[in-house]
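There are 2 protein chains.
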Amino acid sequence: MLTQAEQDEARKRAAAVLADAGIALTDAETAAIEVADFGLSQLDETGLEIVVYVNTPRVCAKELVLFPNQLCPEHRHPPFEGTPGKEETFRCRTGVVHLTVDGDEIVLRPGEQYTIPPDTLHSFHAGPEGAIVSEFSTQSRDELDVFTDPQIVR
Amino acid sequence: MLTQAEQDEARKRAAAVLADAGIALTDAETAAIEVADFGLSQLDETGLEIVVYVNTPRVCAKELVLFPNQLCPEHRHPPFEGTPGKEETFRCRTGVVHLTVDGDEIVLRPGEQYTIPPDTLHSFHAGPEGAIVSEFSTQSRDELDVFTDPQIVR
Chain A
51 MLTQAEQDEA RKRAAAVLAD AGIALTDAET AAIEVADFGL SQLDETGLEI
101 VVYVNTPRVC AKELVLFPNQ LCPEHRHPPF EGTPGKEETF RCRTGVVHLT
151 VDGDEIVLRP GEQYTIPPDT LHSFHAGPEG AIVSEFSTQS RDELDVFTDP
201 QIVR
Chain B
51 MLTQAEQDEA RKRAAAVLAD AGIALTDAET AAIEVADFGL SQLDETGLEI
101 VVYVNTPRVC AKELVLFPNQ LCPEHRHPPF EGTPGKEETF RCRTGVVHLT
151 VDGDEIVLRP GEQYTIPPDT LHSFHAGPEG AIVSEFSTQS RDELDVFTDP
201 QIVR
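Quick note, the sequences are listed as chains A and B, same order. Residues 51 to 204 (my numbering) make up the first sequence, in order. Residues 51 to 204 (my numbering) make up the second sequence, in order.
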């Protein structure tokens, strides 16, 4: 588990990455940046820093910060409550993102994007300079995500 | 009606505004920037420049460019096909946006946002420096929009 100090440091680092890219956050948003280590306590290798802009029953938008080479591990968003599950579009804002969807590799550079259908296995990692990804999606229900690695806790 | 030259000039100007803000577009996206004059042929006063990132049956995301003081006139997004109508969140990225929702005035500065419920009258205009607004929403069906001014053609 990450210590509070480790979380605070990652939050501060992610906020600086966003500020450098000219992406403005409110103070409340900065304080609420989610630092996800997926229960593995190896944030530099496996992790994600997340700003949730909006998450209603219909629409969700986030900014995802990936530190250099940081990986978001393979998972899928299963159907729930009569919906097909979360549909998400990843749009690369800065850096390079290597996205794997159902075994296919896709490289996203700034201005490039890809839409991942619901219930489809995917993972992604940043290149050596890190990356910012905007995510546009249906409702996020992170607690329902199914990760391939059974050690992962979301 | 705007001439092709007027449209091209507005498209070029909007692309420059986005580039200045560090927002990367593909060449295809730049070429496809929508210049909306709402049929009034007074683009400097009433208009909007739009980049549609994604518009699926479930999710839509756009970047809206407003030139200085430019106004998007009052309209609402009515219910359709069993849905309550388009729900949209406007997030100010640069400049200042003056949003009016059901008669209430809201001022958005960079990093600030507001979610407009479906079927709710709203209009917005930029301050004297212009503005960029990210829109996160359910599906866009522009042809269904209901404008208060009967002269408007979308």
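Be careful, since some hints might not be right.
As the list makes no split between identical chains, a pair holds if one copy fits it or if it spans any two.
Dumping the calculated SDA-like pairs for lysine to any residue here, alpha-carbon to alpha-carbon at most 20 Å [what the hints assert, rightly or not]: (1) K62 - G161; (2) K112 - P160; (3) K62 - P129; (4) K112 - A74; (5) K112 - E131; (6) K112 - G161; (7) K112 - Y164; (8) K62 - S91; (9) K62 - H125; (10) K112 - L75; (11) K62 - D152; (12) K62 - E95; (13) K62 - D169.
If you are wondering where the hints come from, they were derived from the structure by calculation, not from laboratory data.
Hint by hint, here is what the structure shows:
1. Taking CA atoms no more than 20 Å apart as the test, K62 paired with G161 passes between copies only; the shortest distance there is 17 Å, against 25 Å inside one copy.
2. For the homomeric pair K112 and P160, the shortest alpha-carbon distances inside one copy (16 Å) and between copies (16 Å) are both at most 20 Å.
3. In this assembly of identical chains, the alpha carbons of K62 and P129 never lie at most 20 Å apart, being 34 Å within a copy and 42 Å across copies at closest.
4. Within a single copy, K112 and A74 get their C-alpha atoms as close as 13 Å, and across copies as close as 17 Å, so both meet the 20 Å cut-off.
5. Proximity of K112 to E131 under the C-alpha cut-off of 20 Å is found in neither arrangement, the shortest distances being 22 Å within a copy and 28 Å between copies.
6. With identical chains, the CA atoms of K112 and G161 are at most 20 Å apart both within one copy (16 Å) and between copies (13 Å).
7. In this assembly of identical chains, the alpha carbons of K112 and Y164 lie at most 20 Å apart whether taken from the same copy (15 Å) or from different copies (15 Å).
8. When the C-alpha separation of K62 and S91 is checked against a cutoff of 20 Å, the pair qualifies only within one copy, where the shortest distance is 18 Å, while the shortest distance between copies is 47 Å.
9. Within a single copy, K62 and H125 get their C-alpha atoms no closer than 27 Å, and across copies no closer than 40 Å, so neither meets the 20 Å cut-off.
10. Taking CA atoms no more than 20 Å apart as the test, K112 paired with L75 passes in both settings, with 12 Å inside one copy and 19 Å between copies.
11. With identical chains, the CA atoms of K62 and D152 are never at most 20 Å apart, being 33 Å at best within one copy and 38 Å at best between copies.
12. Proximity of K62 to E95 under the C-alpha cut-off of 20 Å is restricted to the intra-copy arrangement: shortest distance 18 Å within a copy versus 41 Å between copies.
13. Taking the shortest Cα distances, K62 and D169 never come within 20 Å of each other, neither inside one copy (33 Å) nor across copies (39 Å).
In this structure, the hints that do not hold are numbers 3, 5, 9, 11 and 13, in rising order.
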